[in-house]
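10 protein chains.
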Amino acid sequence: MLYLVHMQVQIPADADRALTDRLKAEEKAFSQKLQHEGKWRHLWRVAGQYANYSVFDVESNDELHTLLSSLPLYPYMSVNVTPLAQHPSAIAPN
Amino acid sequence: MLYLVHMQVQIPADADRALTDRLKAEEKAFSQKLQHEGKWRHLWRVAGQYANYSVFDVESNDELHTLLSSLPLYPYMSVNVTPLAQHPSAIAPN
Amino acid sequence: MLYLVHMQVQIPADADRALTDRLKAEEKAFSQKLQHEGKWRHLWRVAGQYANYSVFDVESNDELHTLLSSLPLYPYMSVNVTPLAQHPSAIAPN
Amino acid sequence: MLYLVHMQVQIPADADRALTDRLKAEEKAFSQKLQHEGKWRHLWRVAGQYANYSVFDVESNDELHTLLSSLPLYPYMSVNVTPLAQHPSAIAPN
Amino acid sequence: MLYLVHMQVQIPADADRALTDRLKAEEKAFSQKLQHEGKWRHLWRVAGQYANYSVFDVESNDELHTLLSSLPLYPYMSVNVTPLAQHPSAIAPN
Amino acid sequence: MLYLVHMQVQIPADADRALTDRLKAEEKAFSQKLQHEGKWRHLWRVAGQYANYSVFDVESNDELHTLLSSLPLYPYMSVNVTPLAQHPSAIAPN
Amino acid sequence: MLYLVHMQVQIPADADRALTDRLKAEEKAFSQKLQHEGKWRHLWRVAGQYANYSVFDVESNDELHTLLSSLPLYPYMSVNVTPLAQHPSAIAPN
Amino acid sequence: MLYLVHMQVQIPADADRALTDRLKAEEKAFSQKLQHEGKWRHLWRVAGQYANYSVFDVESNDELHTLLSSLPLYPYMSVNVTPLAQHPSAIAPN
Amino acid sequence: MLYLVHMQVQIPADADRALTDRLKAEEKAFSQKLQHEGKWRHLWRVAGQYANYSVFDVESNDELHTLLSSLPLYPYMSVNVTPLAQHPSAIAPN
Amino acid sequence: MLYLVHMQVQIPADADRALTDRLKAEEKAFSQKLQHEGKWRHLWRVAGQYANYSVFDVESNDELHTLLSSLPLYPYMSVNVTPLAQHPSAIAPN
Numbered sequence: 001m002l003y004l005v006h007m008q009v010q011i012p013a014d015a016d017r018a019l020t021d022r023l024k025a026e027e028k029a030f031s032q033k034l035q036h037e038g039k040w041r042h043l044w045r046v047a048g049q050y051a052n053y054s055v056f057d058v059e060s061n062d063e064l065h066t067l068l069s070s071l072p073l074y075p076y077m078s079v080n081v082t083p084l085a086q087h088p089s090a091i092a093p094n
Numbered sequence: 001m002l003y004l005v006h007m008q009v010q011i012p013a014d015a016d017r018a019l020t021d022r023l024k025a026e027e028k029a030f031s032q033k034l035q036h037e038g039k040w041r042h043l044w045r046v047a048g049q050y051a052n053y054s055v056f057d058v059e060s061n062d063e064l065h066t067l068l069s070s071l072p073l074y075p076y077m078s079v080n081v082t083p084l085a086q087h088p089s090a091i092a093p094n
Numbered sequence: 001m002l003y004l005v006h007m008q009v010q011i012p013a014d015a016d017r018a019l020t021d022r023l024k025a026e027e028k029a030f031s032q033k034l035q036h037e038g039k040w041r042h043l044w045r046v047a048g049q050y051a052n053y054s055v056f057d058v059e060s061n062d063e064l065h066t067l068l069s070s071l072p073l074y075p076y077m078s079v080n081v082t083p084l085a086q087h088p089s090a091i092a093p094n
Numbered sequence: 001m002l003y004l005v006h007m008q009v010q011i012p013a014d015a016d017r018a019l020t021d022r023l024k025a026e027e028k029a030f031s032q033k034l035q036h037e038g039k040w041r042h043l044w045r046v047a048g049q050y051a052n053y054s055v056f057d058v059e060s061n062d063e064l065h066t067l068l069s070s071l072p073l074y075p076y077m078s079v080n081v082t083p084l085a086q087h088p089s090a091i092a093p094n
Numbered sequence: 001m002l003y004l005v006h007m008q009v010q011i012p013a014d015a016d017r018a019l020t021d022r023l024k025a026e027e028k029a030f031s032q033k034l035q036h037e038g039k040w041r042h043l044w045r046v047a048g049q050y051a052n053y054s055v056f057d058v059e060s061n062d063e064l065h066t067l068l069s070s071l072p073l074y075p076y077m078s079v080n081v082t083p084l085a086q087h088p089s090a091i092a093p094n
Numbered sequence: 001m002l003y004l005v006h007m008q009v010q011i012p013a014d015a016d017r018a019l020t021d022r023l024k025a026e027e028k029a030f031s032q033k034l035q036h037e038g039k040w041r042h043l044w045r046v047a048g049q050y051a052n053y054s055v056f057d058v059e060s061n062d063e064l065h066t067l068l069s070s071l072p073l074y075p076y077m078s079v080n081v082t083p084l085a086q087h088p089s090a091i092a093p094n
Numbered sequence: 001m002l003y004l005v006h007m008q009v010q011i012p013a014d015a016d017r018a019l020t021d022r023l024k025a026e027e028k029a030f031s032q033k034l035q036h037e038g039k040w041r042h043l044w045r046v047a048g049q050y051a052n053y054s055v056f057d058v059e060s061n062d063e064l065h066t067l068l069s070s071l072p073l074y075p076y077m078s079v080n081v082t083p084l085a086q087h088p089s090a091i092a093p094n
Numbered sequence: 001m002l003y004l005v006h007m008q009v010q011i012p013a014d015a016d017r018a019l020t021d022r023l024k025a026e027e028k029a030f031s032q033k034l035q036h037e038g039k040w041r042h043l044w045r046v047a048g049q050y051a052n053y054s055v056f057d058v059e060s061n062d063e064l065h066t067l068l069s070s071l072p073l074y075p076y077m078s079v080n081v082t083p084l085a086q087h088p089s090a091i092a093p094n
Numbered sequence: 001m002l003y004l005v006h007m008q009v010q011i012p013a014d015a016d017r018a019l020t021d022r023l024k025a026e027e028k029a030f031s032q033k034l035q036h037e038g039k040w041r042h043l044w045r046v047a048g049q050y051a052n053y054s055v056f057d058v059e060s061n062d063e064l065h066t067l068l069s070s071l072p073l074y075p076y077m078s079v080n081v082t083p084l085a086q087h088p089s090a091i092a093p094n
Numbered sequence: 001m002l003y004l005v006h007m008q009v010q011i012p013a014d015a016d017r018a019l020t021d022r023l024k025a026e027e028k029a030f031s032q033k034l035q036h037e038g039k040w041r042h043l044w045r046v047a048g049q050y051a052n053y054s055v056f057d058v059e060s061n062d063e064l065h066t067l068l069s070s071l072p073l074y075p076y077m078s079v080n081v082t083p084l085a086q087h088p089s090a091i092a093p094n
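Chains as they are written, first to last, in this note's numbering: chain H, 1 to 94; chain Y, 1 to 94; chain A, 1 to 94; chain X, 1 to 94; chain R, 1 to 94; chain V, 1 to 94; chain U, 1 to 94; chain E, 1 to 94; chain W, 1 to 94; chain D, 1 to 94.
Source of the hints: derived by calculation from the structure; they are not laboratory data.
Honestly, I wouldn't trust all of these hints.
Simulated restraints, written as ranges between beta carbons of each label pair [said to hold, decoys possible]:
# : chain 1 : residue 1 : chain 2 : residue 2 : range
1 : U       : Pro75     : A       : Asp14     : 11 to 21 Å
2 : Y       : Asp21     : A       : Asp14     : 14 to 24 Å
3 : E       : Pro12     : U       : Pro75     : 12 to 22 Å
4 : R       : Asp21     : U       : His36     : 26 to 36 Å
5 : E       : Pro93     : W       : Asp16     : 34 to 44 Å
6 : U       : Arg17     : A       : Asp14     : 17 to 27 Å
7 : U       : Arg17     : E       : Glu59     : 29 to 39 Å
8 : D       : Pro12     : R       : Glu59     : 44 to 54 Å
9 : W       : Asp16     : Y       : Gly38     : 51 to 61 Å
The C-beta atom is built at its ideal place from N, Cα and C for all residues, glycine as well.
Same shape as in the complex, but just chain H (with noise of 0.2 Å):
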């Protein structure tokens, strides 16, 4: 089951650099295990924000929320969450 996921990650000028610079490590990390096992579907950066668009491919909105939540940036993004559904034009399924 498909949602779009916008994230949006403002870290505060005056934030420690070691441990964000750790959490962004660990975020590329976890995200990129979830990417191989299928879940993190798609990964786009947004050109010129320090933001992505995601497509998660989970079994529920608690295992997208249980992932989400997760994220070593998490406390730093503003998160958005779109369900996708079946376009009935679409040539593939979902």
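With chain H held as given, fit chains Y, A, X, R, V, U, E, W and D onto it using these hints.
Using the frame of chain H, we list chains Y, A, X, R, V, U, E, W and D on its own:
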């Protein structure tokens, strides 16, 4: 080159039914042709709305505009375009 | 799986009264059938508005979209969907 | 009498961790007490956000305000209230 | 129990004049009846707009909705409701 | 002459508690003095928010601004003013 | 007493041309009468829009509303009013 | 003197086709005349929308308004104007 | 050439009081100098807000920007500029 | 390929002055290098704001993002990108 495209369709209640039925059929055919060519890479229905989120893979802003403005339902659409770039954590190229 | 759904109805002043009366009756019947089936779990009127907040309990985004887009008044509605997850402080499962 | 309540929590990054952990524990206990009393009828997590949608069942606007402003995390919340009425198509009373 | 109600009226330019004149007269009569009963406690014109801010004093959300949706001009109104509570600095009860 | 005034208070989490407690006490005293004088005609809490809707009865825009900008909590407030006029259907003068 | 007034005019494409031409002529005459009387103190076109910013100098909110709602084009206008007070750095009284 | 101008065109579905075709042709001719004169310095299509961003180089706000309000499609446009100044890092004068 | 300028001032609660007092005094002096020169033609307080609406009369967008960005409180301001043109119904030139 | 880019800069009042002065100097140098290379085709100051509208001429969304995210002041910017296409009435190619 990828773009996230948000299309919202608004057909007036008093529109000519035969006309809009024809346009919808043409829209579907055109959309599927572009999907088969790989230019309209993803097409998802927004759950609960007469709207879709799509990802286009085209050569340029000009090609994108040419395709979108050729859509049979374009006069009834509100379209928003977000240019996408390669995300450094993505495991696959765009 | 639960979704909060916000439906705002806007019937044009010049709409055919007989048609919209029939649609409203069909909407009520369909809505009550879904409530009896447990799929439309809650239905509340927003005080002072021709709008409701509802909670749907369905298997998937696709089932949700199928139900919503089948509503007789769907062409006159503006619909917004918020996917809900289990809250860690809730004393009952969703 | 029912109200839909939307609570968004924003705890500053530099907040005292011990304090906010204590407030969160108190919030959970208070929330569960109100749920057991039937005043906080529903509590759902918004998927992907530190936010919830809740339904309160109270005697009056005053009781609602008293409860909400007593929440331990209230100073960190942005709260929005929508008064709900009986929907004519609902199969059960509110 | 008090509610602040914001009503904005929008009558289409091509509406039937005889009909809307009748509705306006009925609206005035109904509004004055409710004011005399003490249910429509205040009624103020927003300077420069076909809109009012009102304060209703009713038993419940349901009574409020019943009154508002009975207004003759209701189909032409955009209505917004804010539930009011006792302010701790107010020198008089609500 | 009446004005609807919407005041939203936002006191930063790290504000000096002694200072803000003193300001709140002064605010209450000043507010009650103005209510007794008839200038602050109504004061209602917005349910669920650190905000109020008030009605002021003053001689002029200048008097209104002088009063509002003298509020002890004014530096922490976001204030919005709506000038009110006599409504033709009101049964009492403003 | 001064008010900044923002007027945006929207005449439907299918409006009766003879009628709107007459209303525009009446609007101009009425506006110039009020300017000569000193009540409509300033009238400026917003560059690129069928809109103006104006400053009215009137006795009260009521007089302002009476004037604005008497404008021949009022039914086609969206009007916003900002009450103005004396600025402490202004070198002239309002 | 430069201005960024955003024009969004909205032609109603039931507009007279012959009329709008004529207006579009006149719009194109007028636009190209102004471009050749150097007053309409840039004209870009917003990808995916019936809209453009333009840069005008004119003597004054008045000249800008005269030009924009003379556009044949002006009655169907929503126009927004941003006055531009010389940027201190620009390598060329405006 | 006239511009309507909206200035909203937001001085952080923890700003250095001596510094901001000095800036406010300088702002007042600079503002009055520009008013005497005729460049800052009008200056009005928005009732209930730390904000003003002003009208500037300058030669160009560049002069306007130079003046505004020279304001001592400019770093604490949110500024919005609306270019004004001669209104055809105005009885006096701009 | 052209993009309209809107950059708004917000430097916190308590930022380290030496650091931000250095960043501003680097920003200017980098910006002028890109202008000389033809990639940053236009750079205009928004009158009255610490903001600019720019036009970039680059090969792709990726190149655009690489350039923008390399700006020394990027962490202090809010950036918005609008992809531009050839306008059919433009007398010159993009």
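_Numbered hints the structure breaks, given as an ascending list_ = none
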